[in-house]
Every structure is written in C-alpha cells, then in structure tokens.
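Asker: Just so you know, the sequences run in chain order P and S. Sequential numbering of the first sequence, starting at 38, is according to my numbering. Sequential numbering of the second sequence, starting at 7, is according to my numbering.
Because the hints were derived from the structure by calculation, they are not lab data. Backbone N, C-alpha and C fix where the C-beta goes; we use that ideal spot for every residue, glycine too. A portion of the hints provided could be inaccurate.
[Said to hold, decoys possible] Result set (DSSO-like, lysine-lysine): computed pairs, CA atoms no more than 27 Å apart in a straight line:
#, chain 1, residue 1, chain 2, residue 2
1, P, K62, P, K105
2, S, K303, P, K105
3, S, K303, P, K52
4, S, K110, S, K303
5, S, K110, P, K164
6, P, K164, P, K105
[To be verified] FRET-style restraints, in silico, Cβ to Cβ:
#, chain 1, residue 1, chain 2, residue 2, range
7, P, Y325, S, W312, 54 to 62 Å
8, P, G66, S, Q111, 45 to 53 Å
9, P, E110, S, L293, 28 to 36 Å
10, P, D157, S, T112, 19 to 27 Å
11, P, P204, S, T112, 26 to 34 Å
12, S, M331, P, E91, 36 to 44 Å
13, P, S93, S, L319, 27 to 35 Å
14, P, G76, S, L319, 38 to 46 Å
15, S, L204, P, D203, 50 to 58 Å
16, S, A39, P, S93, 39 to 47 Å
17, S, L52, P, R150, 48 to 56 Å
[Claimed, not checked] Computed footprint of chain P on chain S; a stretch qualifies when at least three of its residues, placed anywhere within it, have a C-beta under 8 Å from a C-beta of chain P:
#, stretch
18, 25-34
19, 116-127
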Amino acid sequence: MVAVATRDLSRHYGKIQAVNQLNLKIPTGSLFGLIGPNGAGKTTTLRMLAGLLEPSSGDIRLNELSQKQYWREIQWQIGYMPDFFGVYDNLLVWEYLDFYARCYRLTPERRARAISDLLDLVDLGEKRDVYVHTLSRGMRQRLCLAHALVHDPQILLLDEPASGLDPRARVEMRMLLRELQSMGKTILLSSHILVELAELCDQVAIMERGQLVVSGAIDEVLRKAAGRRTIAIQVLNDPGCNSTPDRAIALLEQIPSVQNIFPQDRVVAATPGSSGGLGITSIEIEFYGDEFARADLLEKLVSEKIRVAAFNETITNLEEAFLRLTQGEVG
Amino acid sequence: MMKSMLKSISNRRWETNPIIVKELRSRMRGGRAFATLTVTLTLLTLVGYALYRMTLASSTYSSTPVSPLIGQALFAGLAFLLLLIIAAITPSVTASEISAEREKQTYEMLLTTPLSPASILWGKLISALSYIFLILFAAIPLASLVFIYGGVSIRDMVKTLLALLVIAILFGVIGLFSSALFQRSSQATAVSYLVIVLLLFGPLFAGILSGAITQGDPPRWMLAPSPLMVISSTFSSSVNPQSISSAFYMLGSPIYWLMGSTPISQDSIPRPIYHYVLPLYSLVAILLYLLTSRLVKPVRRWQIQWSEAVLALVLVLGFVSAIFMGYLLTTNRYENIQISDQSQLQSATPDPAIEAPVNP
Numbered sequence: 038m039v040a041v042a043t044r045d046l047s048r049h050y051g052k053i054q055a056v057n058q059l060n061l062k063i064p065t066g067s068l069f070g071l072i073g074p075n076g077a078g079k080t081t082t083l084r085m086l087a088g089l090l091e092p093s094s095g096d097i098r099l100n101e102l103s104q105k106q107y108w109r110e111i112q113w114q115i116g117y118m119p120d121f122f123g124v125y126d127n128l129l130v131w132e133y134l135d136f137y138a139r140c141y142r143l144t145p146e147r148r149a150r151a152i153s154d155l156l157d158l159v160d161l162g163e164k165r166d167v168y169v170h171t172l173s174r175g176m177r178q179r180l181c182l183a184h185a186l187v188h189d190p191q192i193l194l195l196d197e198p199a200s201g202l203d204p205r206a207r208v209e210m211r212m213l214l215r216e217l218q219s220m221g222k223t224i225l226l227s228s229h230i231l232v233e234l235a236e237l238c239d240q241v242a243i244m245e246r247g248q249l250v251v252s253g254a255i256d257e258v259l260r261k262a263a264g265r266r267t268i269a270i271q272v273l274n275d276p277g278c279n280s281t282p283d284r285a286i287a288l289l290e291q292i293p294s295v296q297n298i299f300p301q302d303r304v305v306a307a308t309p310g311s312s313g314g315l316g317i318t319s320i321e322i323e324f325y326g327d328e329f330a331r332a333d334l335l336e337k338l339v340s341e342k343i344r345v346a347a348f349n350e351t352i353t354n355l356e357e358a359f360l361r362l363t364q365g366e367v368g
Numbered sequence: 007m008m009k010s011m012l013k014s015i016s017n018r019r020w021e022t023n024p025i026i027v028k029e030l031r032s033r034m035r036g037g038r039a040f041a042t043l044t045v046t047l048t049l050l051t052l053v054g055y056a057l058y059r060m061t062l063a064s065s066t067y068s069s070t071p072v073s074p075l076i077g078q079a080l081f082a083g084l085a086f087l088l089l090l091i092i093a094a095i096t097p098s099v100t101a102s103e104i105s106a107e108r109e110k111q112t113y114e115m116l117l118t119t120p121l122s123p124a125s126i127l128w129g130k131l132i133s134a135l136s137y138i139f140l141i142l143f144a145a146i147p148l149a150s151l152v153f154i155y156g157g158v159s160i161r162d163m164v165k166t167l168l169a170l171l172v173i174a175i176l177f178g179v180i181g182l183f184s185s186a187l188f189q190r191s192s193q194a195t196a197v198s199y200l201v202i203v204l205l206l207f208g209p210l211f212a213g214i215l216s217g218a219i220t221q222g223d224p225p226r227w228m229l230a231p232s233p234l235m236v237i238s239s240t241f242s243s244s245v246n247p248q249s250i251s252s253a254f255y256m257l258g259s260p261i262y263w264l265m266g267s268t269p270i271s272q273d274s275i276p277r278p279i280y281h282y283v284l285p286l287y288s289l290v291a292i293l294l295y296l297l298t299s300r301l302v303k304p305v306r307r308w309q310i311q312w313s314e315a316v317l318a319l320v321l322v323l324g325f326v327s328a329i330f331m332g333y334l335l336t337t338n339r340y341e342n343i344q345i346s347d348q349s350q351l352q353s354a355t356p357d358p359a360i361e362a363p364v365n366p
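The whole structure should be built from the sequences, with the hints applied where relevant.
Answerer: Right under this line is the structure:
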C-alpha cells in the first residue's frame, strides 16, 4: 500500500517555483523524512498534501484516493501539524483538545476518552487544567501533535515537529513518533536536522529548490550519495622513488571511474633537512564505484610505486551526503 | 443529489457548533466581557438620567403633560444610544474573528478539520452576536423604565428592539466580511468601522448638503439607508419628534428629518421606512455572509458545488419571497387604499340617518 503519492506535483508563487515536478511515494506504515535547506519547498509540499494549498499542477493521492475528488474523505484520514502555529488564548488544555474533537464530530464519550488518552500519550496529563497559552514551547509542540491525532488519522503530516525544542524534548518527540509508527500510522515529517532523521526515519527524501534530489531508504540514499564520493589522496613527493604527484595524476587519469581530479598544488608538509622538493601533495578525486573499485584503485597506485600517505573518502554520514547533494546540484 | 443531501442532514447528530462552544468558553472568561457590559449599562443609566433632567428642564413652560414627554425622550435617547453602542462594539468583536486566526496561526489547523468554512463562519457570527445580544437584552430592564412615564407603546418598543437586532446582525456580518477579506485584524477593524460610520452618518450629511442646496427638507430616500433613520421610523408612530427635539434643541432639524413622516393623505398611508430598509439590511447581510463563506476557504474558493449553489439560491429566494408575501399581506393597510364602496367607509362619528319624509 502507498499512503502518500504525488505525481509531477508543482506549485509556484508568481514566478517563484516553490515545488517543481515532485514525485513522492511513501509506503503505508513508514516514517518518512523530508529533508532540505530552508526554502526547498518542504512546507509548501506538506501544505498541499494537507489540502491547504492548491497545486499549480500535478496530482496527489492519499491512501489511494485522489485529493481532487475525495478531499472530504481525506480530511478524516490526515492529521496535520504546521511548522508555526499559535494557540487560542483563555482556553484550557483539555478544552483545546475538546474543541478539535468536536470539529471531528466525536461523540461525547469518545471525546472524553480521546482527550485523556492523548494527554497521557503526549505526557501532558498533569497539565489538563492549565491555560494553553501558559505552556512552554515543547509542551505546545506536543499538544499540537495531540490535536493532530484527535481523530485517529492514518497519515500524519508533521512540519518540523522538533524545531525549537531542547535536546531532551527532542528525544521525547522522537520516542513519541516511534510509538505512533508502531501504532501503524504513516508519518511524513520534514526537518533540516539531519542527524535526527537518520536515526528516526526508515526513508528519506532530499529536496532542493522544489525538486527531489534523491529519495529512498536511508542506506540507499547514503549509497547513492556515496556512489559519487570524493576521495582525498595524499601523495608523497619523493623523486628518488619516482613518486611524484604528476605521475600520480597521470595514472589516475587512466582510470575510467575517476571523473575529476583536483590537484591541490599545495605542499602539506615538508620534511626538514631532506633534499629536493620532498613533501606531501593532496589530490582530491571524484570517484564512481564501490568498495572493491576503491581497493583496486589503491592497489594500482601502490603497485605503481606511488607512495600514498593517506587515502580517505570525505563523505561519511547523511549530513555530508546532504550537503554534497544539495550543493547547487539542481540550480 | 437531493436524496444524498437529505440523507446527510438526517444522519448528522445534532451537535453544538464547536466554534460557539470554544468562543463562549474563552470570551466569557476573564473580566473583559463583564467590564464591557457594566460600562455599557452604566453609560445607558447616566444618559437616561440626563435625558430625564433635560426633558424636565425644557418642558417647564410647556402646556403638554410632562410624563409622556419624558418617556418618549428617554426611549428615543436609549434606542439611539444602544444603536451607537452596537456600532461601537460589533466591529471590535467580529472584525478580528477570521484575521486573528490567520495572525495567530491557528487558522490552518482549523481548516484541516472537516468543519466546513460555512460552519466556521456561522459559529463565529453566532458567538459574536450572542455577546451583542446579551448587551441588548441586558438593557431591556433599563428601557422598561420608560413605561413608568408612558408615552411609548410596547408594540413600538418590540419593533425597535427587532430593528436593533437586524442592524446588529448586519454590522456583525460587515465585520466578518472585512475580517475574511483582509489579512490583518487592524485593517479589517478599521475598514468595518469606516463602513459602519459611513452607513450611519453618511446619509445624514448627504441630507444636510442637499438641504443646504435646495433650502428645504432633504428627500426621505436619501436618509433611508442610515440605521438612525430606521430606528427612528420604528417608533415615529408613537414618539413625537417635538418631545425629543426640545431636549436636544441643537439637533432639532436632523431629528425632524429622521422622525417626521410623509403626510397621510385621504387615500394612502405611507409604509414606514423600516419596512423597506430592514429587509434590505437582511438581504445585504445574507449576501455578504454567502460571499464571506467563500472567502474563508483556502482552496477551491470559487468552485461552488451544486448543493451549495442550490442552498444559497433557496435561502435568497426564500427570503425575498417571504418579504414579498409580507408586502402583499399588509398592502391594504398602507399605500393606495382602494375604497370602491363609499358605504364601507366607516367614520368615527357615523352620519345621522335622516329618513326621507313620507308623504302623507
């Protein structure tokens, strides 16, 4: 089952293209993270999915229902938490949830049960009779999440649910989301805090300037990002052993999986007292290939008597994959 | 389509509109609502007392009995004051209803619920008006002081109260409309106050201008749109403009314009102004409401569904035909009374029957 699917979803504000031909597929029951820098179109996408914004073109299907035709039915199946939200003044916490429960036409018995269950779930049971506007930021965030759950929706659209939270509240939010996922809900959340998504989500999609850069399971995204990784090679400049950077570059140029070579032309360190231009030259290459290809590359360099001082890839985690992938990639 | 509409109506459990529950919970909390009510009633009491003293002072040398004069001046004064209080309070309550939701960023969460924009609007209108009506009804005991002095019929008082209610609804809808139209509450409030002040006093200024140009009384249609005129016309049958203008001698001529009625001729009685203007106000309120219910939608704003269009049409046509029926039913009380048979003409003092002399 696919919980959320978009096809060529686009939205522009005047001349600014906020979302451009976005194709997403989110399987039911998954915790899906939408990552991107500010202005990438994450909020616009979520608002379109929540039915608050009309797409300029393209289709949205939620739980296999077309949004254009079945938006009334869809309203019952989604819970939406905006990135910026306010609360009503002069309203108690339980009254706040009661209001939304009434909006979803819950019967009085179900309403009472839902309110106490949700307050327990988001750990606000003691704050039941406190004014909403006196709650702290983290509590409000959890209350807002509770409001989105009042009608037990299948799909949760959460826009930056962890923004502005202290580390402790963030951990609590993460645990809460895991619990919701275990209840069988599909959760789509956006964030720019990548470390968190890496730990939390099954699947991620990276957006930039309204376009999808890459999407899939976390490992897959990492591998895709790693598919074109940058390797930094430090070569000892030792003419006595016939190991010069020029020869190393000439060698590298012969290898097809090496795309770009950026010789740094910089002597990293010179060994004092040695004759000639002894030193280390750093070369960065863009390399396409898996671990075996990398091993082969190193073996080739070594067998050609190039003295390699260091050989390491620069991408190690999602954060860097993200930075690498969104660096003017689309524009 | 009709079948599904009926089914959806019959299936729906009767539940209070959630917006009304929420608004009443939060509005009546804290001292503000009660402070406003107290200030309003105190103001009404003070003005009532001042009117009493003014009428007493101005009728010292009058030959007419003082008591009904006091009653009439008190009643007219309170009615006008209530109208101004409604004009002052209603926009402040309604003009921020939608725009404040936008400003406080609670609107989107509300719009993702299945609560329809029409019910959001309805809840906002009812909860705002219920507060205005609370003020109006709280003023009734004060207004009933009038009956101590006499001079005003209960019928007129009820008419005035009904007119005030219709005007409050119109003002409320104007506030809601501008609240939905403008993004900022301050803008919405300013615009709705402007519209209401223009509606209240614009016709009077136009009347003064035209009076100055033609050196005569302005035509009555010119003043008719003003709620001031409507309120006056509801009690003009029992309140003598002289009794009020003696209290407010500086406002003499506007009061005469507002309260004077066209002369009653042999065969026609003019319909009071409020017969025309109150239905017009209601119609404007209905149309503005329908328009606002489109404006509050974030998406599909002008995609009108069949059922919605039919409902709106039924509402407007039903209202217009009800008013038209009302006109038809009351037509023989007012203009163009056709007296075909002179013998049916009854007079207060029947002609003495003179029998023809019988010839012996």
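Asker: Confirm or reject each hint.
Answerer: So, going through the hints one by one against the coordinates:
no.	hint	verdict
1	P:K62 <-> P:K105	holds, 18 Å
2	S:K303 <-> P:K105	holds, 15 Å
3	S:K303 <-> P:K52	holds, 24 Å
4	S:K110 <-> S:K303	holds, 17 Å
5	S:K110 <-> P:K164	holds, 22 Å
6	P:K164 <-> P:K105	violated, 40 Å
7	P:Y325 <-> S:W312: 54 to 62 Å	holds, 58 Å
8	P:G66 <-> S:Q111: 45 to 53 Å	violated, 30 Å
9	P:E110 <-> S:L293: 28 to 36 Å	holds, 31 Å
10	P:D157 <-> S:T112: 19 to 27 Å	holds, 24 Å
11	P:P204 <-> S:T112: 26 to 34 Å	holds, 28 Å
12	S:M331 <-> P:E91: 36 to 44 Å	holds, 43 Å
13	P:S93 <-> S:L319: 27 to 35 Å	holds, 32 Å
14	P:G76 <-> S:L319: 38 to 46 Å	holds, 45 Å
15	S:L204 <-> P:D203: 50 to 58 Å	holds, 53 Å
16	S:A39 <-> P:S93: 39 to 47 Å	holds, 45 Å
17	S:L52 <-> P:R150: 48 to 56 Å	holds, 53 Å
18	25-34	holds (count 5)
19	116-127	holds (count 6)
Checked against the numbered hints above, the structure violates hints 6, 8; every other hint is satisfied.
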